[in-house]
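Visitor: Sequence:
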Amino acid sequence: MNYFIEGLQGSGKSTLLQKLSKRRGDYTVIREGDYSPVELAWCARVNGAEYQEILTKYSDIRSRIEEKTVSEGESKIICYTRVATDIPGFYKELGQFEIYHGLVSYDAFKSIVLSRFEKWNQDKNLFECSLFQNIVEDMILFRQATDEEIIAFYRLVRRALEGKGVHIVYLKTEDIRSSLDAVRKERSDDQGNELWFSMLRAYFNESPYAKAHALADEDGIITHLAHRQALELRICEELFPGETTILISKEYTDDDIARLPG
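Mind the numbering: the sequence shown is residues 4 to 265 in our numbering, read in order.
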């Protein structure tokens, strides 16, 4: 069995991951930003020449970059947010090599995502938001895909996952505004500056989808998240029947976790 823990930002995925890992001590925990066989969030995907240019430019931290790099054929996957540095511009530059945020063509995006799911053939993994969040956000916000186009894409994902022992644990957020307010406070600095929410707001406001639909700031983000959650739950219902457990965010019990299959 492999578990995909999914849900909106602030739904408690990291907490559930920690609780589930205690019950499945022999499982590998893969958090967002770690190297993952299926997901590339917060990772730069570069070719050999680009990798050498990065190592040369950031020679002072070369060993740290190499430590957080995995070779995949002709590509190098750099888990750049796991590289500790205060060099100005490093994270921003490496972020331009992600596959999300509309940074690669749709054909390349589709090929990369599907090929990773197809090639993956492991067991006993706990994945944090590796199936929906980054893919769906990219398709809605930057490619302005319709719900039906996204459903069609996930039919291909479902086919790629056939027979691989997958179970989705989806944390459904009942009150998105209250949940967002809570995580804004949790992810503020000692002076009360909402660093995380400021980044989320800028990311959302600058997306083609937000501009095209005249959405912005907190109300716009909540409208988008409500739409995204409804779509993800529809994907679970239509494409992963019998392979999804829906828990209410922050209201589930240890018994609910114990009843998960596997």
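Hint data in this document are derived by calculation from the structure and do not stem from the laboratory.
Treat the hints loosely; a few may be bogus.
Lysine to any residue pairs mimicking SDA-like chemistry, simulated, CA-CA at most 20 Å apart [what the hints assert, rightly or not]:
(1) Lys-122 <-> Glu-75
(2) Lys-122 <-> Val-169
(3) Lys-25 <-> Leu-250
(4) Lys-175 <-> Pro-91
(5) Lys-175 <-> Lys-113
(6) Lys-95 <-> Lys-113
(7) Lys-113 <-> Ile-64
Derived DEER-like restraints, expressed as beta-carbon distance ranges [what the hints assert, rightly or not]:
(8) Asp-63 <-> Glu-246: 16 to 26 Å
(9) Ile-115 <-> Gly-92: 18 to 28 Å
(10) Asp-184 <-> Gly-36: 42 to 52 Å
It should be emphasised that the depicted structure is a prediction, and the values quoted were computed from it without experimental measurement.
Glycine included, each C-beta is placed from N, C-alpha and C at the ideal position.
Visitor: Checked against the structure, which of the hints given earlier come out wrong?
Guide: When the structure is compared with the hints, numbers 4, 5, 6, 7, 8 and 10 turn out to be violated.
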